[in-house]
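Peer 1: Going down the list, the protein sequences come from chains A and B. Heads up: the first sequence at position 31 corresponds to 125 in the numbering used here, and the numbers run straight through without jumps. Heads up: the second sequence at position 210 corresponds to 239 in the numbering used here, and the numbers run straight through without jumps.
A portion of the hints provided could be inaccurate.
Unchecked claim - Taking lysine-lysine and the DSSO-like style, the derived pairs with C-alpha atoms no more than 27 Å apart in a straight line are: (1) B:Lys233 with B:Lys81; (2) B:Lys95 with A:Lys262; (3) A:Lys104 with A:Lys262; (4) B:Lys81 with B:Lys103; (5) A:Lys104 with B:Lys233; (6) B:Lys233 with B:Lys95; (7) A:Lys104 with B:Lys103; (8) B:Lys81 with B:Lys95.
Hints in this document: simulated from the structure, not taken from any laboratory. Here the structure is a predicted model, which is why all the values come from computation and not from measurement.
These are the residues of each chain, in order.
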Amino acid sequence: MHETNVILRKELRDAFRSRWLFAFAGTFAILALTLSLVQGSAGDLGAQGFNRTTAGLINLCLLLVPLLALVIGAGALAGERERGTLATLLSQPISPAQLVLGKYLGLVIAVWMAIALGFGAAGMLMALVSPVTDVNHYLLFVGLSAVLAAAMLSLGLLISVVSDGRLKALSIAIVVWFLLVLLYDLGAVGLALTVSSSGRSLLLVVLGNPIECVRILAIMSVESDLDVLGPLGSYVSNEVGRGAGVALLSVALLAWVAIPLAATLRIAGSRDA
Amino acid sequence: MLSARGVGKRYGAATVLDDVTFDLAPGEVLAVIGPNGAGKTTLIKSLVGLVKFQGNVTVDGIDVAKHGRTARAKIGYLSQNPALHADMTVSETALFYADLKRVDASRAREGVERAGLGDHADKRVAALSGGMRQRLALALALLADPPILILDEPVTGLDIAARLELRQLVLEQRTAGKAVLLSTHWLEDVPYIADRALVLEQGKTTYLGPASEFATAAAPRSRLYLRLNGHTPAAAPLIEEIAPGGVIGQAGDWLVVACRATEKARVVEHLVVSGVKVLDFRVEDSPEDDVAFRTIPAAGGPDARN
Numbered sequence: 095m096h097e098t099n100v101i102l103r104k105e106l107r108d109a110f111r112s113r114w115l116f117a118f119a120g121t122f123a124i125l126a127l128t129l130s131l132v133q134g135s136a137g138d139l140g141a142q143g144f145n146r147t148t149a150g151l152i153n154l155c156l157l158l159v160p161l162l163a164l165v166i167g168a169g170a171l172a173g174e175r176e177r178g179t180l181a182t183l184l185s186q187p188i189s190p191a192q193l194v195l196g197k198y199l200g201l202v203i204a205v206w207m208a209i210a211l212g213f214g215a216a217g218m219l220m221a222l223v224s225p226v227t228d229v230n231h232y233l234l235f236v237g238l239s240a241v242l243a244a245a246m247l248s249l250g251l252l253i254s255v256v257s258d259g260r261l262k263a264l265s266i267a268i269v270v271w272f273l274l275v276l277l278y279d280l281g282a283v284g285l286a287l288t289v290s291s292s293g294r295s296l297l298l299v300v301l302g303n304p305i306e307c308v309r310i311l312a313i314m315s316v317e318s319d320l321d322v323l324g325p326l327g328s329y330v331s332n333e334v335g336r337g338a339g340v341a342l343l344s345v346a347l348l349a350w351v352a353i354p355l356a357a358t359l360r361i362a363g364s365r366d367a
Numbered sequence: 030m031l032s033a034r035g036v037g038k039r040y041g042a043a044t045v046l047d048d049v050t051f052d053l054a055p056g057e058v059l060a061v062i063g064p065n066g067a068g069k070t071t072l073i074k075s076l077v078g079l080v081k082f083q084g085n086v087t088v089d090g091i092d093v094a095k096h097g098r099t100a101r102a103k104i105g106y107l108s109q110n111p112a113l114h115a116d117m118t119v120s121e122t123a124l125f126y127a128d129l130k131r132v133d134a135s136r137a138r139e140g141v142e143r144a145g146l147g148d149h150a151d152k153r154v155a156a157l158s159g160g161m162r163q164r165l166a167l168a169l170a171l172l173a174d175p176p177i178l179i180l181d182e183p184v185t186g187l188d189i190a191a192r193l194e195l196r197q198l199v200l201e202q203r204t205a206g207k208a209v210l211l212s213t214h215w216l217e218d219v220p221y222i223a224d225r226a227l228v229l230e231q232g233k234t235t236y237l238g239p240a241s242e243f244a245t246a247a248a249p250r251s252r253l254y255l256r257l258n259g260h261t262p263a264a265a266p267l268i269e270e271i272a273p274g275g276v277i278g279q280a281g282d283w284l285v286v287a288c289r290a291t292e293k294a295r296v297v298e299h300l301v302v303s304g305v306k307v308l309d310f311r312v313e314d315s316p317e318d319d320v321a322f323r324t325i326p327a328a329g330g331p332d333a334r335n
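Bound conformation, chain B alone (with noise of 0.2 Å):
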């Protein structure tokens, strides 16, 4: 469906993204990972047609570069922060997006109320919430039904709430046969979202294979923040049994803890039954300052170089 070979894009001197290949089938869920400045934002602009870019880059047998207008109709793009007419409304502005892509205006109304905004229909989009801009954006992508689905960072500004929706959308979308690529922070979420992970480092494919290999190989990890209430010197031990060399330090009145995803919840589980109160909790999943790419192994899994 998607089939993208040696694609590479410079700004002068610099090299942004270099040399990426990868497919992706109908029915998969690629999700493209990496610290910011890694190249994401750049891969997903190139598979678009939104910039100019080496090698060469196929929407179901579509050259990107050559017939962008007619790839552009096979995909629905949510890019990182979209931007909208402010003067239009919900409505309009689904009307127009509808009438350049050929759909039925009753589709475009159908893709407001579907994305909760229906009471907001002629409400301007200066008006709108940011949670409820991406919304608006989102049913754009998904007006006209694409067969390919780009998301760049979609949960970027989403509370949680929002955040699954947006899971369940892409998993109803793998369901229902389309193919969705997704540029994300959320480690977390790669191993239950996607088939396969794509691991972009200074514009380096590092890792492609299997989101599950992904999720042992890289270890997603979170930075807990606790307040304990002046029980710091007996939870440190105890937080060092699951999550070793954890106790990064403090700041305040809140301890700082760096451990895997998948253990955040056993560390805070483990401190309340050994009896130590836990007054409150952060989480802050931060890849880019983080261990986590570097863990990912030197040969770059199993399709880093097909």
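Bound-form chain A, shown alone (with noise of 0.2 Å):
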């Protein structure tokens, strides 16, 4: 524990030290700010204000927060690994899974401070300025933007394990964020209608990508009426139930940090330094 304790330290200072935690977290209140300004020019700000903003931020969220993620995470070990201190650290009396735990936890909570920075900052500017309704919403919107984070580093950190060098890491790193936000609505979407168009067959698709996860979970926490999610609404609402679904998508959300970090653990236990 005390291995992995000084590796997330250092990671934190890193964080700090290269600037990026503030150029995220500045990137994310300027983001929530202009959304709230240009709904707040249309007449929107004020009752509905945190409500308007959270719906807004979330489509935006989805495209930023893992991109930034996957890009860190690769990062990490590939750069590691490239510039040779890899080898350095794994001389030392620490285990991979040690070191790779370090990594992961030092990044997830500097990429946490980010969004709590930014979406804070927006969100306490934008309590100055119009009554404060929906807060819940909007933390619970920053609350699943972390654990989207938390998955996306994870994927970011099993990218980097497996690859030699940093560029490579942070191309399959830009490939898997463009497959996950992009082609996964169409690909995935597409063939779950064309095979099965059963609400069942829409809910395991949504399983298998965390964006969705994190998407539907965020719907479900602003809409009361489900059926905006069309046939995957109504199969929730009817068969699994409000309750049972988002504590399904919680728990998938889940196994996208452990299991891609479980691997991760895993190869670097068996790669050579």
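From the two separate chains plus the hints, produce the assembled complex.
Peer 2: Structure representation (structure tokens):
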């Protein structure tokens, strides 16, 4: 645990030093404020301010958070390997698993800090200019972004541990992001509808992509009527139940955190430094 | 203290290390020698647990493959090209590795001072010269005062003074009862610095025995470059008297002489005493393109297969 903690602290210090943490926080804050201002100018800011802003932010964050987290995760181990520092670290009294875990936790905390700083600052500014309502939705969205970041960092680290160089890792990360964010909707949903258009198959498709899990969870948090989700919403409402649906999606999301991380730990322990 | 049994490593169809077996006792220095690509670095990485390998390596009875972390706590390791985080300062680097090794911060600061880097403590690693970086990496290897020191080509890139300092450090470690394993190209150093020598060629042990016997058997050789101000015709026979067949060619103004490492000073001395003016000379110890390793007896030394 001590060794993991030492690596974790180093990752946090590196994040502060390289300033990417502040750059991401700034990006998140600007996004949230821009959306709230746009909606404010349209007369929406006020009683529905947080709710509208939250809904608007969902789509933007489902693009941005996975990209940032995948890229950071992918560079983590591959970068150390490329610079030769991975071998230096692993020649110390530390196991590969402790090293990976320390890096992962450090990166997760750093990204969470960026999310909290960015959305926190934006949320406070919004609260100053409008009555505070729907804060829970906003906070839930921030929480979902944080879990999504943890899942994507986990996937990024998996890419990193199997890649020989940083450039290769980053290239794979971009391709994975493109697949998950842009192609998945078209391909998987299309396939599900072609093979079977049932709500069950749509739910399985959603569970296969952490970004979709977050999207549906976010929509379920702001929409009382699940019909907005089409056949999937009907299936969740009528067959699974809203509570069980939320639980299922949450478990899937956590599995997206745990499974790639477990695979990374296993591969790191079996690879030459 | 360190025991290697049947250590082997394959990359696909290529065998880079084949059934290497040896023991290293406390207070003993073992030199691992061999031409480039002989498997020296792979052997060392196996001992530290940085690569997966066949066979068995134990450090003070601890299996490196199974309990690498615990075993590495007893090893100070200096890699051939030490890679440190370039954005950290010397002081931060020392403190970070001290923390990782559970060593007190004061020892980290002492290590930096002892390495002669006290005045550079706030400098980033990226701004250090190659020699300074090597000294810092060596200081990190010694931080926890480990009972085993493993040095992979530690003199690479060092000037003569630093090389002599390193030789002194190895001898001090031996006196302190530490087990030291080092790989080197500097065959000349071996009899003075090491108790035993392990020679690898194409991943196989070709000699394992006393370093003094290795020096005789392997006859470390040097290549001497002499600039003689046009006295080459007169000099060649004089050189042949000391090093028969030693004159192997000419490169511009320079006469190239191959001789035993122990004879090179005598070659120069003989020329000077005989009235040949030596304007300049350079020495190169490059065993991989020389005959040193091919002169080792086929028997492979007294302990080659123990």
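Peer 1: With reference to the structure, classify each hint as holding or not holding.
Peer 2: Checked hints:
no.	hint	in the structure
1	B:Lys233 with B:Lys81	holds, 18 Å
2	B:Lys95 with A:Lys262	violated, 31 Å
3	A:Lys104 with A:Lys262	holds, 24 Å
4	B:Lys81 with B:Lys103	holds, 19 Å
5	A:Lys104 with B:Lys233	violated, 41 Å
6	B:Lys233 with B:Lys95	holds, 25 Å
7	A:Lys104 with B:Lys103	holds, 23 Å
8	B:Lys81 with B:Lys95	holds, 11 Å
Checked against the numbered hints given earlier, this structure breaks hints 2 and 5; the rest are met.
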